[in-house]
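Colleague: If you want the building blocks of each chain, they are given just below.
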Amino acid sequence: MDLMLAILITVVGASTPILIAALGELVVERSGVLNLGVEGMMLIGAIAGFVVQFHTGNSYLALLAGAGAGVCASLIFGFLTLSLSANQTATGLALTIFGTGFSALAGSSYSARPVTLMRPLFPAEFAASPFTKVLFGYSFPVYFAFIMVAAIWYFLHRTRAGLILRAVGENDQSAHSIGYSVIGVRYMAVMFGGAMAGIAGACFPLLLTPQWAERMTAGRGWIAVALVVFASWKPFRLLAGAYLFGLVMTMELYAKAGGGPLSVIPSELWAALPYLATVAVLVLISIRRDASTNAPACLGKPFLPSN
Amino acid sequence: MTISRRNFVKISGAAMALPLMGSSAFAQVEKIKIGFIYVGSINDNGYNYAHNQGRLYVEEKLGDKVETVFVENVPEGPDCERVIRELAQQGCNLIFATSFGFGDSLVKVAPQFPDVAFEHATGYMSGPNIGLYNARFYEGRAVCGTIAGHLSVTGKAGYIGSFPIPEVVMGINALALSGRRINPAFTVKPVYISTWNDPAKEADAARAMIDQGIDIIAQHTDGPAALQVAAERGIVGGFGQGADMSAFAPETQLTAIIDHWGPHYLASAEAVLAGTWAPGNTWEGLKEDVVQMGPYNAKVPADVVADAEKIKAGQIDGSFHIFTGPINDNTGAERVAAGVTMTDAELLSMDWYVEGVEQPA
Amino acid sequence: MQFRLEKRREPSKLMSYATPVAAVLLTMVLGAVIFSVIGYDGIGAVREIFLTPLTNSYKWQDLGVKAAPLIIIGVGLSIAYRANVWNIGAEGQYIVGGLAGTGIALLTWGMTGWWILPLMVLAGMLGGMAYASIPALLKTRLNVNEILTSLMLTYASVQLIYYLIRAPWKDPMGMGFPQTRLFSEAARLPTIIPGTIVHLGVPIAVLVGLVAWFIMSKSVFGYRMRVVGAAPHAARYGGFSENRTIWLAMLVSGGLAGLAGVLEVAGPFQRMVPGFPTNYGFTAIIVAFLGRLNPLGVIVAGVVLAITFVGGEVAQTTIGLPNAATGIFQAMMLFFLLAGDILIKYRLRRVMPQATAGTA
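Going line by line, the protein sequences match chains R, V and W.
Going by the UniProt record's numbering, the first sequence opens with residue 1, and the numbers climb by one from there.
Going by the UniProt record's numbering, the second sequence opens with residue 1, and the numbers climb by one from there.
Going by the UniProt record's numbering, the third sequence opens with residue 1, and the numbers climb by one from there.
One chain only, chain R, in its complex shape (with noise of 0.2 Å):
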């Protein structure tokens, strides 16, 4: 039981920087916008939120920090796609490709150099037993990323700016046609994306190993990407995905840990077995209902007025 509780603990641990950041990319993508430099801009999120860790020690400003990185990274993306309708795919390519470089220039002066992790957010009596600290042992992000679930299901699902978004999302032409700015939503859209990766990526020296280290995210920007159309845009089913998602991440180590049954399979299948478990979920969600039907029609295409 203990176990199973502590597995818990360093399943949220491993999800929530992949559910933040899936967040974000979920409100982008549901406006119209494709963004594939996730992973960039979560670098460099992790690169400032670990300098303002480093010479604040306030983690709060750090988390913030990391937004601001973000939301400036996502400002290149947004202006190169959205003003000059550039070719989105390959100008998030070039910003994941821009944030490692960038991150790992400016983190040369801070290798060698610990932070300390991010307080939990509830005092330590909360968590005193196993089965409360499941609970309110964490810190903020962990919470902030699930009050985001719910704050952008409502937010497009029961506000007007969410109708909005959605509207622009799916037939950018009517929307424009009834008044909206089309390129103004999709600019709030695309910050929004930015700040929410530049946030899971500070999560990365906060919450995970409180250090800086060239490429840190490791590819988890890209599994974020993934992660939404595997919810099919849908919140919730974000929610359940990145889970699923840290969960069989962290299976694998204790699989091999627990020396088990299921140790026996071999190393590279574990580490592979993420990336081919969403594709087959990929596959079954659209064998049950096609999944395109969810998905914005707008997806990746640029915005331009027919007047």
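Just so you know, these hints were derived from the structure itself, not from any lab.
Please note: incorrect hints may appear among the correct ones.
What the hints assert, rightly or not - Derived list of chain V stretches under chain R, where covered just means 3 residues or more per stretch with a C-beta under 8 Å from a C-beta of chain R:
1. 185-193
2. 198-207
3. 221-228
Unchecked claim - Below are the BS3-like pairs computed for lysine-lysine, each with C-alpha atoms no more than 27 Å apart in a straight line:
4. V:Lys287 - V:Lys310
5. R:Lys301 - W:Lys7
6. W:Lys345 - W:Lys7
7. V:Lys310 - V:Lys299
8. V:Lys61 - V:Lys33
9. V:Lys287 - V:Lys61
10. W:Lys170 - V:Lys108
11. W:Lys218 - W:Lys345
12. W:Lys13 - R:Lys301
13. V:Lys31 - V:Lys65
14. R:Lys301 - W:Lys345
15. W:Lys345 - W:Lys13
As the list claims (entries may be wrong) - Computed, partial: chain R to chain V, Cβ under 7 Å:
16. Leu156
17. His157
18. Ser267
Cβ atoms here follow ideal geometry from the backbone N, Cα and C, with glycine treated the same way.
Guided by the hints, dock chains V and W onto chain R, whose structure is given.
Modeller: Relative to chain R, chains V and W alone:
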């Protein structure tokens, strides 16, 4: 070239004997330029960082008699071939290729630059101007294992490995053998994570093992992530790898294995300066100061420190070798008879685990 | 005074040639400024990254060898992207192509015969095609987004290498290291210029570019790909099946990535090692865009990217520029290029506040 691997080894063996017969292919030089090729970033806090420290050591010792250049993040493959040629062409007299995967490239390029001295870390293919060097990290593991055997309460240590290569397998075995000398019930649980540098995954692997009862952690990956988790969880302790990582976990790092390539790099540089460089095959350890132990943590009791120091001293004066039989493998079969010490060649191709190591997937 | 964009009647030829050149020049200027500001030798950085590889004839062989796989993969991707099929898993197809070739090389180890290399090349192309056909099948049958499936499969293929070279294909003489044995002579790609490292893959890359250019601009196949990409609805009315186009695009891009993989493993590598995936498949995406999705442009773009890689290493040794700088230069180049794209379809017109009416 149409030589098979088998022939090649023979040829290179013959070539290695040449300098002993008084060949002086390498002329004396006034000032030396040394090139270093790193597989990762010099800021990795571990393996590549340590090699770069070695470079700085040479610069400090030789002053204006030396100029050093380095290229970092070089992929293991044709890209390396190009980098080696670039460095040779820029006038480097001595080039260190610091990762195993650079070997093929070195064998291809070195013959084109017969006046340049090449040295390959952790490899096995030498040549007329390719020397080999490696460090006996396992000696450090034996010291760590002694401490682990004394201090572990659960009698279980975790070991995070990248890939199951002999270098890593040897380290796991050395830790287990030395721990079991102290506590016969001591076991080591290896987990391979298929990457050298994914700190979050290293950290989660450490968590997974700690949750399942280990209270000592060792790792053979490039950073301090596992040690930081050990500190966060407050287990008995862990060991720094490659460099002193006490800054990352001051309470938790019991000691560290420090790759101290400086003396080797200096010796090679001085040999090139003097015109006496010859391709060697060095595998140095604690004795030559190429492997160092970090400071012992204040919480390690004095008698444990004394025992660890004894193991260290024994390896320095040659009276103790951790891979001396009887050694059984983890299926119980005897692999090394009592009193017999494994040869270097056997160690360098080790692909089995000793008793007390859980068989990894 | 304001500017507004005005759609051109047809894409500007001049701009489509001028913007890549401008993007490279702008990168050089801005890069020099930025790196000077943050304390490096900015002008030196630009000189070493962009010019040294060209002025030093000793580096040309490196450019050819580095550019070859980028060009081969980039050509395939440019064809797929023209048809609006977003294969971003070329890295995985490159890997599986390399593995297929390796399989043949190991099966025929110790044998001689002219047929071994062609067989390896065939296996490599088929391997790449087979791996690309998974996203193609999922896309055409189930409408699963090919961007994600092809990407996820790339990560899986890396693990496949690790598994094969650790267990069944491990070199028995390799001291336990995870790599295959060196290929025998018949399974190695010959060098074509004695005394250099330029192997047969380099002319093949150029040939692939030329043939693809000819096909794309002169044949019905090329016409179909372009029409489907530009106007999918119109294409459907015109009798072109979208599914067939997806299949063709994936098979061509996957097959070429597989070709690059097998040429790479038989040429520069000569055995399968853990370091085989070197991001050529991802870098080729940049190459495809930098080359304007035109096979001839891809040849040029492949060389430009190769210059930045080779030059980036030179800059590390000569002026101490960190490795990360290369990525920043490459990203900047792509940013400027993408920003310039708009000038091909639009012209910038200055408008007086009252004169906005009348245009459009």
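Colleague: Indicate, hint by hint, whether the structure satisfies it.
Modeller: Checked hints:
no.	hint	in the structure
1	185-193	holds (count 4)
2	198-207	holds (count 9)
3	221-228	holds (count 4)
4	V:Lys287 - V:Lys310	holds, 13 Å
5	R:Lys301 - W:Lys7	holds, 17 Å
6	W:Lys345 - W:Lys7	holds, 6 Å
7	V:Lys310 - V:Lys299	holds, 18 Å
8	V:Lys61 - V:Lys33	holds, 14 Å
9	V:Lys287 - V:Lys61	holds, 20 Å
10	W:Lys170 - V:Lys108	holds, 21 Å
11	W:Lys218 - W:Lys345	holds, 23 Å
12	W:Lys13 - R:Lys301	holds, 23 Å
13	V:Lys31 - V:Lys65	holds, 5 Å
14	R:Lys301 - W:Lys345	holds, 16 Å
15	W:Lys345 - W:Lys13	holds, 10 Å
16	Leu156	violated, 30 Å
17	His157	violated, 33 Å
18	Ser267	holds, 5 Å
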